[in-house]
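All chains, please: the whole structure from these sequences, using the hints.
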Amino acid sequence: MLDAKATTQVTIKTSKGDVVIDVDPSKAPINANSFVFLAQNNYFNGSPVQVNDDEIGAVVFGDPSGTGYATPGYECEVENAAPGAFDKPGVIGLLGDETNSSAQFFITYSSTPMLDGRFSVIGTVTSGLDIVRRLVAPTGPDDKTAPDTVVSITVAKK
1 MLDAKATTQV
11 TIKTSKGDVV
21 IDVDPSKAPI
31 NANSFVFLAQ
41 NNYFNGSPVQ
51 VNDDEIGAVV
61 FGDPSGTGYA
71 TPGYECEVEN
81 AAPGAFDKPG
91 VIGLLGDETN
101 SSAQFFITYS
111 STPMLDGRFS
121 VIGTVTSGLD
131 IVRRLVAPTG
141 PDDKTAPDTV
151 VSITVAKK
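Going by the numbering used here, the sequence shown runs without a break in its numbering and finishes at 158.
I should point out that these hints are in silico values taken from the structure, not numbers from a laboratory. Treat the hints with caution; some may be incorrect.
Said to hold, decoys possible - Dumping the calculated SDA-like pairs for lysine to any residue here, alpha-carbon to alpha-carbon at most 25 Å:
no.	residue 1	residue 2
1	LYS88	THR126
2	LYS16	LYS144
3	LYS88	SER26
4	LYS158	ASN42
5	LYS88	ASP24
6	LYS13	TYR43
7	LYS144	SER26
8	LYS88	ALA6
9	LYS88	PRO113
Below you can see the structure in the form of structure tokens.
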């Protein structure tokens with residue numbers, strides 16, 4: 001279990017460069033712990049960038065199959081999906097619906113109020129937000145563009 005008083009720093013090494021985030025278990029303890037557990041067990045390694053949506057202002061990662069349907073075999077309840085949570089760039093949330101979170105995660109690179117109240121927030125970007133914006137994902141089923149990938153994720157206490 002993550003220490004709510006300590007800062008857990010996660011470095012997402014992508015094919016374009018590193019994105020560093022601080023995971024905050026005080027916001028969503030179950031979801032933050034799940035994300036870190038999966039990262040420490042290499043679940044995300046090699047997974048493609050699934051979506052980079054300029055209209056929403058976010059990039060989606062975390063499905064090793066690249067289909068958007070893979071799961072680690074469990075889901076978590078959505079925690080603390082507070083209004084205003086996505087009012088700034090650099091917020092990390094877990095995908096799912098209003099009741100369950102999956103392992104797939106997203107990083108916002110603009111204010112995304114349409115996401116407020118719907119997803120668990122597990123942390124914020126401390127560096128590499130410029131890299132997030134440049135990550136490439138296919139734009140549709142017929143797009144043969146090679147997506148950028150999550151090469152690896154490392155976890156450290158700060």
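Going through the hints against the structure:
{"no.": "1", "hint": "LYS88 x THR126", "result": "13 Å, holds"}
{"no.": "2", "hint": "LYS16 x LYS144", "result": "19 Å, holds"}
{"no.": "3", "hint": "LYS88 x SER26", "result": "19 Å, holds"}
{"no.": "4", "hint": "LYS158 x ASN42", "result": "20 Å, holds"}
{"no.": "5", "hint": "LYS88 x ASP24", "result": "16 Å, holds"}
{"no.": "6", "hint": "LYS13 x TYR43", "result": "14 Å, holds"}
{"no.": "7", "hint": "LYS144 x SER26", "result": "40 Å, violated"}
{"no.": "8", "hint": "LYS88 x ALA6", "result": "23 Å, holds"}
{"no.": "9", "hint": "LYS88 x PRO113", "result": "9 Å, holds"}
Taken one by one, the earlier hints fail for this structure only at number 7.
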